[in-house]
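Chemist: Okay, so the sequence shown: first residue is 1 according to the working numbering, each after it adds one.
Read the hints as simulated data drawn from the structure, not as lab findings. Please note that the accuracy of each hint is not assured.
Unchecked claim - With a straight-line cut-off of 25 Å between C-alpha atoms, the simulated DSS-like cross-links for lysine-lysine are: (1) K143 - K44; (2) K131 - K60; (3) K93 - K71; (4) K60 - K18; (5) K3 - K57; (6) K44 - K32; (7) K94 - K32; (8) K62 - K105; (9) K32 - K93; (10) K3 - K32; (11) K45 - K112; (12) K94 - K44; (13) K32 - K112; (14) K45 - K105; (15) K57 - K24; (16) K24 - K112; (17) K3 - K62; (18) K45 - K24; (19) K112 - K53; (20) K60 - K92; (21) K44 - K112; (22) K144 - K60; (23) K62 - K44; (24) K105 - K144.
Just so we're clear, the structure is a prediction, and the values are computed from it rather than from any experiment.
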Amino acid sequence: MVKVQDFEIPEDLHYDVKNHIWVKVLEDGNVKIGLDDVGQTLAKKILFVRIRKVGTKVLKGKALAMLESAKWTGPMLSPVSGEIVAVNEELKKKPRLINEDPYGKGWVAIVKPSNLEEDLRTLVTGDEALKAQEKDIIERGVKKE
């Protein structure tokens, strides 16, 4: 885990920096998806999460979940196309997990991707992700509280 401008950015994940979504490729080929540290900071305290149901087909760039916070309400866009195979039920009871542990207990959904190789091409990882995150943080003027 690397810190960029005080934000935690795990180097082993893939990122949609513009939408502040992280993707972890699992051993079984599925992907775990969540909101990154910058995204949860921008949203402020998450009050409510509505995730699409298991079995639902999702398209890259379309809503995977709806998030509501004290500052913002809107869609969390899927970084991959595929079928939802699991959702984080804990978020119904404790949506704040996204703020408290965005890369751990605050994950949102697991998707069986329909074209992972192609979808990963539009995401960044490693050094490229760190540079892109830093540029975005500076441009937005985001500060870790």
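Chemist: Checking one constraint from the list: CA of K94 to CA of K32, max 25 Å. Satisfied?
Modeler: 19 Å, holds
Chemist: Does K24 pair with K112 here, judged by a C-alpha cut-off of 25 Å?
Modeler: Holds. K24 to K112 sits at ~12 Å (cutoff 25 Å).
Chemist: Given the hinted pair K3 and K32, is their Cα-Cα distance within 25 Å?
Modeler: 21 Å, holds
Chemist: What's the verdict on K32 and K112, does the C-alpha distance respect the 25 Å limit or exceed it?
Modeler: 9 Å, holds
Chemist: Straight-line Cα separation of K3 and K62 no greater than 25 Å?
Modeler: 29 Å, violated
Chemist: Under the criterion that the straight-line Cα-Cα distance not exceed 25 Å, is the pair K112, K53 satisfied?
Modeler: 13 Å, holds
Chemist: Can you confirm whether the C-alpha distance between K32 and K93 stays at or below 25 Å?
Modeler: Distance of about 20 Å is within 25 Å: holds.
Chemist: Is the Cα-Cα distance between K45 and K112 25 Å or less?
Modeler: Violated, at roughly 29 Å.
Chemist: Taken at face value, is the distance from the CA of K105 to the CA of K62 at most 25 Å?
Modeler: Within the cut-off at roughly 23 Å; holds.
Chemist: Hinted pair, alpha-carbon criterion (25 Å max): K60, K92. Please report holds or violated.
Modeler: The given pair, whose Cα atoms are some 24 Å apart, holds under the 25 Å limit.
Chemist: Measure nothing beyond the straight line between the CA atoms of K143 and K44; if it is 25 Å or shorter, mark the hint as holding.
Modeler: At roughly 12 Å apart (the allowed maximum being 25 Å), K44 and K143 satisfy the hint.
Chemist: Verify the proposed pairing of K105 with K144, using a straight-line Cα cut of 25 Å.
Modeler: 20 Å, holds
When the structure is compared with the earlier hints, violations turn up for hints 5, 11, 17, 21 and 22 and for no others.
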